[in-house]
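Start from the sequences and build out the full structure, keeping to the hints where you can.
As a plain string of letters, each chain reads:
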Amino acid sequence: MLHGYGSTILDGAWLTLQLALLSMALATALGLLGAALRLSPVRWLAVLGDIYATVIRGIPELVLILLVFYGGQDILNRVAPLFGYEDYIDIHPFAAGVLTLGFIYGAYLSETFRGAFMAIPRGQAEAGMAYGMSPARVFLRILVPQMIRLAIPGFTNNWLVLTKATALISLVGLQDMMARAKSAGDATREPFTFFLAVAALYLVLTSVSLLALRYLEKRYSAGIKVAEL
Amino acid sequence: MILDFSVIWDSLPLYFSGVLVTVKLLLISLALGLLAAVPLALMRVSRQPWVNFPAWLYTYVIRGTPMLVQLFLIYYGLAQFESVRESALWPYLSNATFCACLAFAINTSAYTAEILAGSLRATPPGEIEAAKAMGMSRAKLYRRILLPSALRRALPQYSNEVIMMLHTTSLASVVTLVDITGAAKTVNSQFFLPFEAYITAGVFYLILTYILVRLFKLAERRWLAYLAPRKH
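Residue numbers (the working numbering), protein chains in the order written: chain A, 6 to 234; chain B, 37 to 268.
None of these hints come from the bench; they were simulated from the model. Be aware that one or more of the hints could be misleading.
As the list claims (entries may be wrong) - Estimated spans, in silico, between C-beta atoms of each pair:
1. A/D95 - B/F134: 32 to 40 Å
2. A/W49 - B/Q84: 54 to 62 Å
3. B/R180 - A/T13: 51 to 59 Å
Said to hold, decoys possible - The list that follows gives simulated cross-link-like pairs (lysine to any residue, SDA-like), each with its CA atoms no further than 25 Å apart:
4. A/K187 - B/S119
5. A/K187 - B/R121
6. B/K168 - B/V87
7. A/K187 - B/Q116
8. A/K187 - B/T133
9. A/K187 - B/V120
10. A/K187 - B/F117
11. B/K253 - A/Y113
12. A/K187 - B/L71
13. A/K187 - B/N131
14. A/K187 - A/A205
15. B/K253 - A/T59
16. B/K253 - A/V60
17. A/K187 - B/N196
18. A/K187 - B/E122
19. A/K223 - B/I151
20. B/K60 - B/L71
21. B/K253 - A/G120
22. B/K60 - B/P160
23. A/K230 - A/G159
24. A/K230 - B/P161
25. A/K187 - B/L114
26. A/K187 - B/I110
27. A/K187 - B/Y112
28. A/K187 - B/Y128
29. A/K230 - A/Y220
30. A/K230 - B/A158
31. A/K187 - B/A158
32. B/K60 - B/F252
33. A/K187 - B/I151
34. A/K223 - B/A158
35. A/K223 - B/R99
36. B/K253 - A/M123
37. A/K223 - A/I153
38. A/K230 - B/R157
39. B/K253 - B/N196
40. A/K230 - B/G154
Fair warning: this is a prediction, and the values are worked out from it, not measured in the lab. Here a beta-carbon is modelled for each residue, glycine too, at the ideal position from N, C-alpha and C.
Okay, structure coming up:
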């Protein structure tokens with residue numbers, strides 16, 4: 006049915022998964038940093054965090070991807086000679102994809118994490134301080150474990166959106182499953198078949214993620230009382 | 037000088053015509069999407085499994101797959117079938133604007149249906165009981181009580197969906213349309229200034245996003261005033 010293109014598309018699916026996981030790791034780190042900035046009592050740091058979240062969330066992913074991949078490469082090659090570096094710098098689509106997606110979804114996650122941190126009762130951190138914990142220890146031992154539970158629904162959403170956004174990286178030349186389906190469809194003149202196969206693979210990926218994260222949410226909510234309606 | 041914006045200045049008319057294309061795509065797909073979303077949402081809140089299930093499957097599949105795949109399935113994929121190529125619809129289905137609007141409308145209809153269904157489920161039971169006590173028929177209950185209130189309460193979430201759709205329309209540039217992103221692509225291919233071209237497109241999208249956010253704030257003040265926090 007897939008004219009022998011099945012395995013090459015599965016290879017592409019593996020690349021898509023790697024791209025999504027690495028981008029999400031970077032996005033989580035940037036999201037925590039962004040949330041910390043936005044909750045910071047230092048005013049210019051909070052403003053910096055707000056600008057990051059607002060500007061990135063106001064521009065389409067595709068435009069940001071094109072901006073980083075083509076624009077970033079161009080700027081790098083315009084700036085590098087000023088520092089005496091004369092070779093042409095070539096950014097790999099995979100690296101550009103991880104950086105861009107991580108940077109974009111870091112902004113969305115900073116919003117999720119900020120909300121989760123704010124939802125933890127103040128008394129929790131104060132109790133930690135009263136026990137003589139350092140601010141870093143309060144953050145890691147008291148705030149982060151409670152924040153995770155509150156952030157899981159938003160995290161799940163962002164992960165699903167990010168997984169689907171990886172398809173856009175095929176437009177800057179990454180040979181992910183989307184790009185491979187496009188070439189296979191062009192070669193066999195059966196584009197519908199191949200795009201449908203890719204759609205099914207994405208659906209499997211999102212369904213598995215949904216189940217896994219729902220299980221995680223249940224784990225982290227153990228012992229949390231839910232009021233009966 | 038590292039950056040060169042003089043060319044961008046001369047290309048502004050192209051960007052402005054791109055804004056028109058973006059807004060047109062957005063409005064058409066939102067209108068069609070909302071039209072389809074209302075019956076889908078009603079199906080989603082139904083307790084009959086054979087009414088609920090098809091709508092659930094539709095929204096699940098659409099929300100679980102990338103927009104780009106959906107667009108490619110319609111724009112490139114449908115041409116695979118001879119019956120499609122020979123049908124009366126082919127002049128439309130080979131047209132990029134039509135395919136983009138169709139794909140975007142299908143996509144937003146699934147997300148909007150889930151938003152509306154959530155809003156319908158959150159209707160205070162007392163309102164429904166009161167309507168029944170007044171002797172309203174089911175149709176009248178939906179028309180006069182459930183839908184007007186659910187549509188209003190869906191406004192804040194729907195504004196997010198509209199902004200997501202604004203950003204989604206940038207995919208139209210992939211199927212040859214010259215929207216804002218398409219304009220940036222054209223400028224880049226003419227002058228090879230990718231950074232300046234795309235950052236300008238980004239600014240245009242930021243402005244449009246800001247306008248939409250303001251418009252929805254106004255709409256919320258108009259239609260959700262009764263839910264606003266009380267002022268002292």
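Going through the hints against the structure:
A hinted range of 32 to 40 Å holds for the C-beta pair A/D95 and B/F134, which are about 38 Å apart. A hinted range of 54 to 62 Å holds for the C-beta pair A/W49 and B/Q84, which are about 57 Å apart. Checking the proposed 51 to 59 Å range against B/R180 and A/T13 shows it holds: the Cβ atoms sit about 57 Å from each other. At roughly 22 Å between alpha-carbon atoms, A/K187 and B/S119 fall within 25 Å of each other, so this suggested pair holds.
Proposed proximity of A/K187 and B/R121 is supported: the alpha carbons are some 20 Å apart, at most 25 Å. About 23 Å separates the Cα atoms of B/K168 and B/V87, which keeps this hinted pair within 25 Å; it holds. Taken as a hint, the A/K187 and B/Q116 pair is honoured in the structure, with Cα atoms around 13 Å apart against an allowance of 25 Å. Between the alpha carbons of A/K187 and B/T133 the distance comes to roughly 20 Å, so the proposed pair stays at or under 25 Å and holds.
For the proposed pair A/K187 and B/V120, the alpha carbon gap of about 20 Å is at most 25 Å, so the pair holds. For the given pair, A/K187 sits about 17 Å from B/F117 by alpha-carbon distance, which is consistent with the 25 Å threshold. In summary, the hint linking B/K253 to A/Y113 is supported, as the alpha carbons are separated by about 21 Å, within the 25 Å threshold. Distance check on the hinted pair: A/K187 and B/L71 sit about 32 Å apart at the alpha-carbon level, beyond 25 Å; violated.
With a C-alpha separation of about 19 Å, the suggested pairing of A/K187 with B/N131 holds against the 25 Å cut-off. This hinted pair checks out: A/K187 and A/A205 have alpha carbons roughly 15 Å apart, not beyond 25 Å. The hinted pair formed by B/K253 and A/T59 meets the criterion: a straight-line CA distance of about 16 Å does not exceed 25 Å. Proximity of B/K253 to A/V60 is assessed by CA-CA distance (about 19 Å); at most 25 Å being required, the pair is judged to hold.
Our distance criterion of 25 Å between C-alpha atoms is broken by A/K187 and B/N196, whose separation comes to about 31 Å. Between A/K187 and B/E122, the direct Cα distance comes to roughly 23 Å. Compliance with the 25 Å bound is thereby established for this hinted pair. Pair hint A/K223 plus B/I151 holds up; C-alpha atoms about 24 Å apart against a cutoff of 25 Å. The suggested pairing of B/K60 with B/L71 holds, with an alpha-carbon distance near 17 Å, which does not exceed 25 Å.
Our distance criterion of 25 Å between C-alpha atoms is met by B/K253 and A/G120, whose separation comes to about 21 Å. Distance check on the hinted pair: B/K60 and B/P160 sit about 37 Å apart at the alpha-carbon level, beyond 25 Å; violated. For the hint pairing A/K230 with A/G159, the CA-to-CA distance comes to about 20 Å; that is within 25 Å, so the pair holds. Only pairs whose Cα atoms come within 25 Å are accepted, and A/K230 paired with B/P161 is accepted, the gap being roughly 24 Å.
Distance hint between A/K187 and B/L114 is fulfilled; the C-alpha atoms sit about 14 Å from each other, no more than 25 Å. For a cut-off of 25 Å, the pair hint linking A/K187 to B/I110 stands: about 13 Å separates their Cα positions. Taken as a hint, the A/K187 and B/Y112 pair is honoured in the structure, with Cα atoms around 9 Å apart against an allowance of 25 Å. A hinted pair counts as satisfied when its Cα atoms are at most 25 Å apart, and A/K187 with B/Y128 qualifies at roughly 22 Å.
Restraint check for A/K230 and A/Y220: satisfied, since their Cα atoms lie roughly 17 Å apart, inside the 25 Å limit. Between A/K230 and B/A158, the direct Cα distance comes to roughly 21 Å. Compliance with the 25 Å bound is thereby established for this hinted pair. Straight-line distance between C-alpha atoms of A/K187 and B/A158 comes to about 43 Å, which puts the hinted pair past the 25 Å bound. For the hint pairing B/K60 with B/F252, the CA-to-CA distance comes to about 18 Å; that is within 25 Å, so the pair holds.
A distance of roughly 33 Å separates the Cα atoms of A/K187 and B/I151; the hinted pair therefore is violated under the 25 Å criterion. Of the pairs offered as hints, the one joining A/K223 and B/A158 holds, with about 23 Å between alpha carbons and a cut-off of 25 Å not exceeded. As the CA atoms of A/K223 and B/R99 are separated by approximately 23 Å, the hinted pair is consistent with the 25 Å bound. Of the supplied pair hints, the one linking B/K253 and A/M123 holds, its CA atoms being roughly 24 Å apart against a limit of 25 Å.
For the hint linking A/K223 to A/I153, the alpha-carbon distance of about 12 Å falls within 25 Å, and the restraint holds. For a cut-off of 25 Å, the pair hint linking A/K230 to B/R157 stands: about 23 Å separates their Cα positions. Annotation: proposed proximity of B/K253 to B/N196 holds, straight-line Cα distance about 12 Å (limit 25 Å). Under the criterion of a C-alpha separation no larger than 25 Å, the hint pairing A/K230 with B/G154 is consistent with the structure, at around 23 Å.
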